[in-house]
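For the protein sequence lines, the chains are A and B, in the order given.
Going by my numbering, the letters in the first sequence line up with residues 185 to 292, in that order.
Going by my numbering, the letters in the second sequence line up with residues 11 to 160, in that order.
Do not take every clue at face value.
A short, non-exhaustive set of chain A residues, derived as facing chain B with CB atoms under 7 Å [said to hold, decoys possible]: (1) Leu208; (2) Gln217; (3) Ser245; (4) Cys246; (5) Glu249; (6) Tyr257; (7) Ile258; (8) Asp261; (9) Ala262; (10) Ala292.
Hint data in this document are derived by calculation from the structure and do not stem from the laboratory.
Every residue, glycine too, gets a C-beta built ideally from N, C-alpha and C.
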Amino acid sequence: MADKPRIKLPKEAKKGEIIQIKTLVSHLMESGQRKDAQGKPIPRKIINKFACEFNGKPVFSCVLEPAISANPYIQFDAKIDEEGTFKFAWTDDDGSVVTAEEKIALKA
Amino acid sequence: MGAINRRQAFLLGGGFVALTVMPMAANAEPSNDAAELIKTFTGGKEAAKGKITLDLPEIAENGNTVPLALSVESPMTPDNYVKEVLFVADGNPNAGVATLMFTPMSGKAEASIRIRLAQTQNVIAIAKMSDGSLFTERKTVKVTIGGCGG
Chain A
185 MADKPRIKLP KEAKKGEIIQ IKTLVSHLME SGQRKDAQGK PIPRKIINKF ACEFNGKPVF
245 SCVLEPAISA NPYIQFDAKI DEEGTFKFAW TDDDGSVVTA EEKIALKA
Chain B
11 MGAINRRQAF LLGGGFVALT VMPMAANAEP SNDAAELIKT FTGGKEAAKG KITLDLPEIA
71 ENGNTVPLAL SVESPMTPDN YVKEVLFVAD GNPNAGVATL MFTPMSGKAE ASIRIRLAQT
131 QNVIAIAKMS DGSLFTERKT VKVTIGGCGG
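Please model the complete structure; the sequences and the hints are all you need to start from.
Here it is as structure tokens:
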């Protein structure tokens, strides 16, 4: 299970501005390729999906494979036309979902 | 029973080395499903060179975490934007790396992730535009310490 995610984005932006969003979530991302001390394969357990939406509309998402490093870092952009709320969701192989929210305001 | 002379001892030793090295060499062959994944993504259509900038280190000392930055040239308007970008690594045990999905609300078709590379290999990106056109780019990364396996 992933820990509380870390998200970095500006608190406010001008209308039409493109902002950068950085996200990081703690997770082993067990690739399924490794073996334990007894030589038995360790089953795969990764975050296989990440999605970001703004005011309910999709902004960016991705499907992740075992080739993604531990503690997956994902950086992307978003165009701000109105104030609102970003919602982030990380989906684990075991079906659990970690979510987070961040608000952004419009600069006067 | 004759004693083994130096030449025979050398040959025996050589044979042993060859036996132990060969299976490893066989594993190092790019033998994953990279071509299959690309075909599924493109529907068999040819992807043109261009539009994509891939930022990957030429030499990755640690294959466990290799920074990968992508940028695709596109106005990112509702009628002309980058829809999806597929990444495959042709020398990993599984070729799939990630598929990134953009929308006009992304503003830019840019993203950064960190990936695992098991050995020296090519990382291939294929971008699918909203009009269905395809672009591709590849980069070779030399890996000093592999990022998969135990």
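Would the hint on A/Ala292 be counted as holding, given a Cβ-Cβ threshold of 7 Å to chain B?
violated, 21 Å
Given A/Ile258 was flagged as interface, is its beta-carbon under 7 Å from a beta-carbon of chain B?
Holds - the Cβ of A/Ile258 comes within 7 Å of chain B, reaching about 6 Å at its closest.
Does A/Gln217 pass the interface check with chain B, least Cβ-Cβ distance below 7 Å?
holds, 5 Å
So, A/Leu208 near chain B? Judge it on the closest CB pair being under 7 Å.
Given a least distance of 10 Å, the restraint on A/Leu208 is violated.
With 7 Å as the cut and Cβ atoms as the points, is A/Tyr257 at the interface with chain B?
Holds: closest Cβ of chain B sits about 5 Å from A/Tyr257, inside 7 Å.
Residue hint A/Ser245, partner chain B, criterion CB-CB below 7 Å:
holds, 5 Å
Should the interface hint for A/Asp261 be scored as holding, given a Cβ-Cβ cut-off of 7 Å against chain B?
Because about 4 Å separates A/Asp261 from the closest Cβ in chain B, which is inside the 7 Å limit, the hint holds.
Taking the least C-beta to C-beta distance, is A/Cys246 closer than 7 Å to chain B?
OK, holds: A/Cys246 within 7 Å of chain B, min 5 Å.
Hinted contact A/Ala262 with chain B - closest CB pair below 7 Å
holds, 6 Å
A/Glu249 as chain B interface residue, shortest Cβ-Cβ below 7 Å:
holds, 4 Å
Comparing the model with each earlier hint shows violations of hints 1, 10; every other hint is respected.
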